[in-house]
Amino acid sequence: MDSVRSSRDAGRVKLPKAIKILVAGGFGAGKTTLVGAVSEIEPLRTEETLSDRGIGVDDLSGVETKQTTTVAMDFGRITIGDDYRLYLFGTPGQERFWFLWDELALGALGAVVLADTRRLADCFPSLDYFERRETPFIVAVNCFDGARRYELDEVRLGLTLHEDIPIVLCDARQRESGKEVLITLVEHAMRMRLGTTSRPSGAEPPTGQTAAR
Amino acid sequence: MSIFDEQPESQWVGDEAGPIVRPYVLTRGRTEPSRGRFDLITLVVTIRQVSSREPGLDPECLAIVRLCLQAQSVAEIAAHTNLPAGTVRVLLSDLLDQGFIAMQEPHSETDMHDERLYRAVLDGLRAL
Chain A
0 MDSVRSSRDA GRVKLPKAIK ILVAGGFGAG KTTLVGAVSE IEPLRTEETL
50 SDRGIGVDDL SGVETKQTTT VAMDFGRITI GDDYRLYLFG TPGQERFWFL
100 WDELALGALG AVVLADTRRL ADCFPSLDYF ERRETPFIVA VNCFDGARRY
150 ELDEVRLGLT LHEDIPIVLC DARQRESGKE VLITLVEHAM RMRLGTTSRP
200 SGAEPPTGQT AAR
Chain B
0 MSIFDEQPES QWVGDEAGPI VRPYVLTRGR TEPSRGRFDL ITLVVTIRQV
50 SSREPGLDPE CLAIVRLCLQ AQSVAEIAAH TNLPAGTVRV LLSDLLDQGF
100 IAMQEPHSET DMHDERLYRA VLDGLRAL
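So the sequences go chain by chain: A and B. Residue 99 in numbering that gives the first Met the number 0 sits at position 100 of the first sequence, and the numbers go up by one each step. Residue 48 in numbering that gives the first Met the number 0 sits at position 49 of the second sequence, and the numbers go up by one each step.
Extracted from the complex, chain A is given alone in its bound form:
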């Protein structure tokens, strides 16, 4: 235990500002690995016990007794000076827990969608979710050993990803690689939110690209 804080400081304690970034993707895409690679602490696991808060998503209408489900999330932390603390949350993958995503996504700086080229479709739900919610996100293609390497353009096509959305290759096990992914995301979120390259929402992409096939 560190310094003793006197109660006179009550209410005057300066706490850093907490920021969250979500790491999404299909099961086994490397979410926790990425979190662990960049986190200053061993990834921790927290559990949300969901009860009637989930009504409307899990259909509990008419169920009198409280139904509960536990969803686990892994997360890590990066301290940025005295003023900011970044928390990285691996999102629970199951579709039926998306109401929990809403809580997580609220106030998030942005999201990294991890794609595994062997199971590209696994990350579709994440892409749909963040697109719909207008949460800034990028796609990071995790290069698993033994997986066939694709050109990023091929993956972009496979995901029908808008050209404004960055897509990068990464090795989720490597700290440097994870760092680059996060930097790409923060730069993208900044562009989106501060509007240096933003266009009115709902506008079509500038070029008349036709969908492949």
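The set of hints was computed from the structure by calculation and includes no laboratory data. C-beta: ideal position from N, C-alpha, C; glycine also. Any given hint could turn out to be false.
Said to hold, decoys possible - Partner residues are not named here, just some residues of chain A that face chain B (Cβ under 8 Å, in silico):
1) Leu-14
2) Ile-18
3) Glu-41
4) Arg-44
5) Glu-47
6) Tyr-86
7) Arg-117
8) Leu-119
9) Ala-120
10) Pro-124
11) Ile-164
12) Val-167
13) Lys-178
Unchecked claim - For each label pair, taking beta carbons as the anchor points, the in silico distance ranges come out as:
14) A:Arg-190 <-> B:His-106: 16 to 26 Å
15) B:Arg-34 <-> A:Asp-152: 47 to 57 Å
16) A:Glu-153 <-> B:Asp-57: 26 to 36 Å
17) B:Asp-122 <-> A:Phe-26: 30 to 40 Å
18) A:Asp-163 <-> B:Ala-126: 25 to 35 Å
19) B:Leu-121 <-> A:Asp-127: 51 to 61 Å
Using the hints, position chain B against chain A.
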């Protein structure tokens, strides 16, 4: 319907009780904090020292107060105390009412339009 209805004891012990009962015993049945939103990244810091024999403080609350001598997020508190985040939120609202902790809720999405925030985070990440 009421929990006070007579139930055979066997339903409340061991595996039959499930892992869910205990967290709500700690919160005396409450599932929502009385005040504060307590987002997973809300930061909490202890502002009043406690002795280990502080009357009326559950061991779990005592553990939280000790843990938060250094600021912790709700998610971290939940992970370190092995309690579901929902339970921790209720306990934190009690501790807030009792003046043991101070907290900082994260700001809303509108706060995400502060360029300084992005610059600071980018500089911090590059320096890692």
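Verification of the supplied hints:
{"no.": "1", "hint": "Leu-14", "result": "holds (4 Å)"}
{"no.": "2", "hint": "Ile-18", "result": "holds (7 Å)"}
{"no.": "3", "hint": "Glu-41", "result": "violated (10 Å)"}
{"no.": "4", "hint": "Arg-44", "result": "holds (6 Å)"}
{"no.": "5", "hint": "Glu-47", "result": "holds (5 Å)"}
{"no.": "6", "hint": "Tyr-86", "result": "holds (5 Å)"}
{"no.": "7", "hint": "Arg-117", "result": "violated (29 Å)"}
{"no.": "8", "hint": "Leu-119", "result": "violated (27 Å)"}
{"no.": "9", "hint": "Ala-120", "result": "violated (29 Å)"}
{"no.": "10", "hint": "Pro-124", "result": "violated (21 Å)"}
{"no.": "11", "hint": "Ile-164", "result": "violated (18 Å)"}
{"no.": "12", "hint": "Val-167", "result": "violated (14 Å)"}
{"no.": "13", "hint": "Lys-178", "result": "holds (5 Å)"}
{"no.": "14", "hint": "A:Arg-190 <-> B:His-106: 16 to 26 Å", "result": "holds (20 Å)"}
{"no.": "15", "hint": "B:Arg-34 <-> A:Asp-152: 47 to 57 Å", "result": "holds (51 Å)"}
{"no.": "16", "hint": "A:Glu-153 <-> B:Asp-57: 26 to 36 Å", "result": "violated (56 Å)"}
{"no.": "17", "hint": "B:Asp-122 <-> A:Phe-26: 30 to 40 Å", "result": "holds (34 Å)"}
{"no.": "18", "hint": "A:Asp-163 <-> B:Ala-126: 25 to 35 Å", "result": "holds (28 Å)"}
{"no.": "19", "hint": "B:Leu-121 <-> A:Asp-127: 51 to 61 Å", "result": "violated (28 Å)"}
In the structure shown, a violation is registered for the earlier hints numbered 3, 7, 8, 9, 10, 11, 12, 16, 19, in ascending order.
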